[in-house]
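Participant: Take a look at the letters that make up each chain.
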Amino acid sequence: MKKVLLKSLSFFMAFVMLASQNQSLLANSLVKSSPGIDETAFNLDENAMNAALADLNELDAYLSQNEGVTYADLNAAGSDLIKNVSDISAPLGMPAEGDDSLMGIPAFWWGCILGWVGLLLVYVLTDKDKEQTKKALTGCLIASGVYIVFYVVYAVWIVAETTALQ
Amino acid sequence: MLKYFFFLLTTVMTYHGICFGQDYFRIKADFTVKISLNDSTKSLTKGIVYYDKNIKDLIYDISFPKIEKWISKDTSLYKVKNDSLYQRVTIPSINEFTVFHLALNAGLNDFGLKNSIYKINKVEKKENLVLSYYKIPEKVNTLIDHVVIAKRDNRLESVIMVGKDQKILSKQFFRNYIKIDAFEFPQQIIQVLYTVSGDESYQVTEFRNVKINDMTNSKLYQINLKKYE
Numbered sequence: 003m004k005k006v007l008l009k010s011l012s013f014f015m016a017f018v019m020l021a022s023q024n025q026s027l028l029a030n031s032l033v034k035s036s037p038g039i040d041e042t043a044f045n046l047d048e049n050a051m052n053a054a055l056a057d058l059n060e061l062d063a064y065l066s067q068n069e070g071v072t073y074a075d076l077n078a079a080g081s082d083l084i085k086n087v088s089d090i091s092a093p094l095g096m097p098a099e100g101d102d103s104l105m106g107i108p109a110f111w112w113g114c115i116l117g118w119v120g121l122l123l124v125y126v127l128t129d130k131d132k133e134q135t136k137k138a139l140t141g142c143l144i145a146s147g148v149y150i151v152f153y154v155v156y157a158v159w160i161v162a163e164t165t166a167l168q
Numbered sequence: 015m016l017k018y019f020f021f022l023l024t025t026v027m028t029y030h031g032i033c034f035g036q037d038y039f040r041i042k043a044d045f046t047v048k049i050s051l052n053d054s055t056k057s058l059t060k061g062i063v064y065y066d067k068n069i070k071d072l073i074y075d076i077s078f079p080k081i082e083k084w085i086s087k088d089t090s091l092y093k094v095k096n097d098s099l100y101q102r103v104t105i106p107s108i109n110e111f112t113v114f115h116l117a118l119n120a121g122l123n124d125f126g127l128k129n130s131i132y133k134i135n136k137v138e139k140k141e142n143l144v145l146s147y148y149k150i151p152e153k154v155n156t157l158i159d160h161v162v163i164a165k166r167d168n169r170l171e172s173v174i175m176v177g178k179d180q181k182i183l184s185k186q187f188f189r190n191y192i193k194i195d196a197f198e199f200p201q202q203i204i205q206v207l208y209t210v211s212g213d214e215s216y217q218v219t220e221f222r223n224v225k226i227n228d229m230t231n232s233k234l235y236q237i238n239l240k241k242y243e
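Each protein sequence line maps, in turn, to chains A and B.
Using the numbering used here, the first residue of the first sequence is number 3, and each one after it goes up by one.
Using the numbering used here, the first residue of the second sequence is number 15, and each one after it goes up by one.
Some hints here could point you the wrong way.
Unchecked claim - Far from chain B, by Cβ distances over 10 Å, these chain A residues were calculated: (1) F17; (2) S36; (3) A79; (4) G80; (5) I107.
Stated by the list, open to error - Rough simulated footprint, nothing fancy, chain A against chain B, three-plus residues with beta-carbon under 8 Å: (6) 117-129; (7) 170-176.
Unchecked claim - EDC-like mimics (lysine to aspartate or glutamate), calculated; alpha carbons at most 16 Å apart, straight line: (8) K136/B to D40/A; (9) K139/B to E41/A; (10) K181/B to E214/B.
Worth flagging that the hints you see were computed from the coordinates, not collected in a lab.
No experiment lies behind these values; they were computed from the predicted model shown.
A virtual CB, placed ideally from N, CA and C, is assigned to each residue, including glycine.
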């Protein structure tokens, strides 16, 4: 009797273990399976796209007929073709030059507020970026100029006050 | 008899070698990138792109809006104007995931995902399209939940990126394939990006005058960046 009970228990335990493994695998595959996508997702609204790109198509057609023309040339000529078009190069598909900030603070203010320390930080953190470093240098020079002007005015005022007291 | 057999075998093998064994390693093309963002920002970039899969320098010789060169090498993007480096930006290593590298390595039909960490978890057929669903691993911290690749006649047609909330984040359409021997390359890539509010931004990249394995101007495919260091 004991033998039969033990065998039954072993069989039951094995069954429970197999069932739980099966459930676990099934649940896993359900979680990983991505929901199906609607066929309409593969349609492109050509009209909306053409409307959005109308200005650029016109500019592209002009440039194809007038090779070598740059944005600066069109800007100097006051061309309407670049009216709504920025002068940012984006061959990789992202306007990369728009944001010139370092940790959310523009390079100019790094130089302006922290002086040579800010200038050094911009130079190091931007991996020797000349453009950014130049902006930080401009900030640094402007801050230094303001500082010098302030001290000159202050010194003149002190001298004037001292003279007046004598 | 044996002589004829060997002659036939040699002929067949040579033909096979010419037709299927050619290595495509270099590509040059005129490119145009048109971007229209949902905030009305627009940009147009034109020029010539050079890529050699053995050198792995992605070179954009830009003629519009201004004359400059962008060189993507490893994790750096060098921007050169008047033969002087004016900006160096650290970027993710993208060159091996570009359409140029994938096409030259015959890996464009699965968008390079087949040999990536992304795992295919579903394949289904809808009309003439074969859809493959690639799940992004949990450990990868990204907004994307999964990527759906659509192929028609084993040629990549669309790539759709789906977010965690199952909303479409972006769609890419690969069109106007050009065939040069066994090499195939899309002459138009349209990308539609969606904002949270559902607004659309467009990016259309067009290629013309695609040239493969150009051996006449080898120096155009590699820039000596040491002079800018």
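Participant: Indicate, hint by hint, whether the structure satisfies it.
Facilitator: Now for the hints, and whether the structure bears them out:
no.	hint	verdict
1	F17	30 Å, holds
2	S36	4 Å, violated
3	A79	14 Å, holds
4	G80	16 Å, holds
5	I107	17 Å, holds
6	117-129	violated (count 0)
7	170-176	holds (count 4)
8	K136/B to D40/A	14 Å, holds
9	K139/B to E41/A	10 Å, holds
10	K181/B to E214/B	13 Å, holds
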